[in-house]
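Q: Sequence:
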Amino acid sequence: WLWAANSQSSSGDGVAGHVLQALASSKQRARGGERKRSGLGLAFIPWELKMVRLYILENFIVISLFCLCETCSKEEAKYRCPRCMKYSCSLLCVKKHKLALSCNGVRDKTAFVSVNEFTDLNLLSDYRFLEDVGRTADAAARHCIVHSPATKRLLYFLRNKARGCNIELKTLPVGFTKRKENSTTFNSMENKFYWHLKLIFPHCHAEYTLKGVPDDKTLADILKPYIDPVESDPVVCQRLKIYTASPQSDVRILMKIENRSRNSVRYNELDASRSLLDNLKGKVIIEYPTLFVVLKTLKNDMVVLGQGEHIFISCYVILGYFSYINSS
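Just so it is clear: in the sequence shown, position 21 is 44 by this note's numbering, and no numbers are missing.
Just so you know, the hints here were simulated from the structure itself, not pulled from any lab data. Small disclaimer: the values here were computed from a predicted structure and weren't measured. Hints are not guaranteed to be accurate.
[To be verified] In the DSBU-like style, the derived pairs of lysine-lysine whose C-alpha atoms are separated by at most 30 Å in a straight line are:
#1 279 - 264
#2 247 - 319
#3 215 - 201
#4 306 - 240
#5 234 - 203
#6 240 - 203
[To be verified] So the derived label-pair ranges between C-beta atoms look like this:
#7 291 - 215: 14 to 24 Å
#8 133 - 305: 56 to 66 Å
#9 225 - 270: 33 to 43 Å
#10 307 - 144: 57 to 67 Å
#11 230 - 122: 51 to 61 Å
#12 307 - 173: 21 to 31 Å
#13 125 - 195: 40 to 50 Å
C-beta: ideal position from N, C-alpha, C; glycine also.
Work out the full structure, taking the sequences as your base and the hints as a guide.
A: As structure tokens, this is what we get:
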């Protein structure tokens with residue numbers, strides 16, 4: 024930092040004396056400054072700087088302001104740490120100060136700044152900090168975390184136990200929504216699955232998620248808190264009033280058959296009087312079961328396996344019969 028004072032305003036030691044006096048007085052002031060004190064064209068002098076070097080260049084006395092290294096206190100400082108604001112003279116001193124103060128050298132973007140000292144640079148820093156936080160959160164949501172060995176063993180354990188119950192359980196890669204949602208567990212002491220279960224009521228556009236459903240519980244008992252006029256929750260009952268107002272005999276429970284093409288989606292009809300485990304036997308499940316609760320009296324686009332295929336075959340039989348009649 025170089026500052027100059029016109030040497031013609033005074034002579035020799037007088038100039039140096041005025042300069043030193045101005046420097047001394049500037050230390051007692053805040054970050055203000057002093058102009059043309061004692062005939063000197065002296066500009067702003069920061070009070071933090073401790074060392075002054077004077078030398079004459081033509082008609083000017085040049086004032087060089089500098090600070091000593093705060094680590095070794097021998098050399099002139101060349102760097103200033105963005106975090107702790109300590110002065111250093113070399114890479115060695117930078118490393119020493121980081122080790123001594125446990126400083127990482129990264130500017131603290133969340134450091135407190137009073138309202139009086141808040142500037143446009145602080146505002147810009149806060150804005151960029153919030154942008155970085157949003158970007159980091161978005162990247163973390165998209166990042167696929169690799170399965171840990173414990174997670175892999177757990178998934179293998181669940182699939183193996185499901186296979187022993189004649190259930191083909193398939194799991195999705197990390198990052199898929201169903202993989203994140205699935206909370207299915209197996210209790211080895213009870214030799215029982217506790218399923219993560221999703222109930223969908225298409226006629227009311229409602230769906231509910233159940234966790235820890237034991238596999239020996241019947242489907243009728245599972246649905247009671249939702250469609251039973253007496254035992255259901257009042258809020259749920261109001262939302263599913265189409266179901267609660269209908270006879271229980273009209274309720275059908277369907278489950279989508281996996282591994283079929285989009286243009287041939289079919290559903291299995293489940294038995295409400297049997298347990299969840301009995302209904303899942305012989306079926307393919309991706310992560311967890313999803314049950315669709317529909318009413319016989321209301322129209323829906325769900326084709327039950329067997330019924331839809333029989334209708335499909337019957338159409339071809341009729342068409343073939345008419346073709347035979349026409350040809351004959």
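Q: Look at each hint and say if it fits the structure.
A: So, going through the hints one by one against the coordinates:
1. For the hint linking residue 279 to residue 264, the alpha-carbon distance of about 24 Å falls within 30 Å, and the restraint holds.
2. Using a Cα cut-off of 30 Å, the hinted pair residue 247 and residue 319 holds, with the two alpha carbons roughly 18 Å apart.
3. With a C-alpha separation of about 22 Å, the suggested pairing of residue 215 with residue 201 holds against the 30 Å cut-off.
4. A distance of roughly 18 Å separates the Cα atoms of residue 306 and residue 240; the hinted pair therefore holds under the 30 Å criterion.
5. Proximity of residue 234 to residue 203 is assessed by CA-CA distance (about 13 Å); at most 30 Å being required, the pair is judged to hold.
6. Taking the CA atoms of residue 240 and residue 203, the gap is about 25 Å. The hint holds against a cut of 30 Å.
7. Hint check: residue 291 to residue 215, Cβ distance near 23 Å, so the stated range 14 to 24 Å holds.
8. Against the hinted window of 56 to 66 Å, the Cβ-Cβ separation of residue 133 and residue 305 comes to about 58 Å, which satisfies the hint.
9. For the hinted restraint 33 to 43 Å between residue 225 and residue 270, the CB-CB distance of approximately 18 Å leaves it violated.
10. At about 60 Å, the CB distance of residue 307 to residue 144 agrees with the hint of 57 to 67 Å.
11. Restraint check, residue 230 to residue 122: a C-beta distance of roughly 57 Å satisfies the suggested window 51 to 61 Å.
12. Checked against the hint of 21 to 31 Å, the pair residue 307 and residue 173 passes, with Cβ atoms roughly 26 Å apart.
13. The hint said 40 to 50 Å for the Cβ distance between residue 125 and residue 195, and at roughly 44 Å that hint holds.
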